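From first to last, the protein sequence lines stand for chains A and B.
Okay, so the first sequence: first residue is 11 according to the working numbering, each after it adds one.
Okay, so the second sequence: first residue is 1261 according to the working numbering, each after it adds one.
It is worth saying that the hints were derived from the structure and are not from the lab.
Small disclaimer: the values here were computed from a predicted structure and weren't measured.
Be aware that a few hints might be false.
Calculated lysine-lysine pairs in the PhoX-like style (CA-CA distance at most 20 Å, straight line) [what the hints assert, rightly or not]:
| no. | chain 1 | residue 1 | chain 2 | residue 2 |
| --- | --- | --- | --- | --- |
| 1 | A | K76 | A | K30 |
| 2 | A | K51 | B | K1317 |
| 3 | B | K1341 | A | K51 |
Covered stretches of chain A, going by a simulated chain B footprint (3 or more residues, C-beta under 8 Å) [as the list claims (entries may be wrong)]:
| no. | segment |
| --- | --- |
| 4 | 51-61 |
| 5 | 119-126 |
The beta-carbon is built from N, C-alpha and C at its ideal position, and this holds for glycine as well.
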Amino acid sequence: GAVVSQHPSRVICKSGTSVKIECRSLDFQATTMFWYRQFPKQSLMLMATSNEGSKATYEQGVEKDKFLINHASLTLSTLTVTSAHPEDSSFYICSARVTGGARNEQFFGPGTRLTVL
Amino acid sequence: GQNIDQPTEMTATEGAIVQINCTYQTSGFNGLFWYQQHAGEAPTFLSYNVLDGLEEKGRFSSFLSRSKGYSYLLLKELQMKDSASYLCAVSGYSTLTFGKGTMLLVSP
C-alpha cells in the first residue's frame, strides 16, 4: 500500500505558540490530502481537505485562521495550529487518497499527538 | 450529509467469529471502508466495498448492500491482537466520513 508519513509524531508546546505538522506521501503523488482530529475515545473528525495549489476546504466549525493548511506540492501538506490552547490538544492525523482504475483508497499517516500546556 | 451507525462496543472470545454491523445514510456514495485502529495509533486500512456483495481477505471479510445502506465486517478465528476499534467509513464524492467506531474486546 501507499505510504504516508507525518512529522512530528509527538509535540508538547506552551499555550500561545504555533505548531506545524507535516504530512508527506512517500511513494505517490497526492493532489488531495485530508486532515483529521481525534479526541480520546471519539472517532476521527474531518477538519479540512487540502488541495494542491489551491486553498483548503474547511469543515463547518473549523477555524481556517487558526488551522492553517498549505499544500505546496503533490507530496507535502502542512497543518499549522496557530496560538495553540490546551483545548487544541488532540491526535491529528493526515491522509492521502489514491485513485485511479479500480482503486479508491485512503492511506493514513501515523498521526501527531499534540499536547498544549 | 452522511450518517453512520455502528455499535459502540462488542466482546468476543479468542477463536470465535464476530460480525460488526454498520448502517449508513448518505447523499453521495463512492464506496465503504473498514479500518482498524489500535489505541494511540492511526487507522489502518482493512477493506473497501463499492459493489454489493462479500469481499474476503484472509480472516477478514466485508459485506455491502447499497440498497439497504448496510455493511458488516466479519472477523474469523479471533486473536487477542484483534482487540481494537473498528471504524466504518463512507466515501462521498470527495470526502470520507467515519462512524464512531466499534471497540472490540477479545478475551481468552
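Do the hints match the structure? See the list:
| no. | hint | result |
| --- | --- | --- |
| 1 | K76(A) to K30(A) | 12 Å, holds |
| 2 | K51(A) to K1317(B) | 28 Å, violated |
| 3 | K1341(B) to K51(A) | 19 Å, holds |
| 4 | 51-61 | holds (count 6) |
| 5 | 119-126 | holds (count 4) |
Hint 2 alone, counting from the list given before, is not met by this structure.
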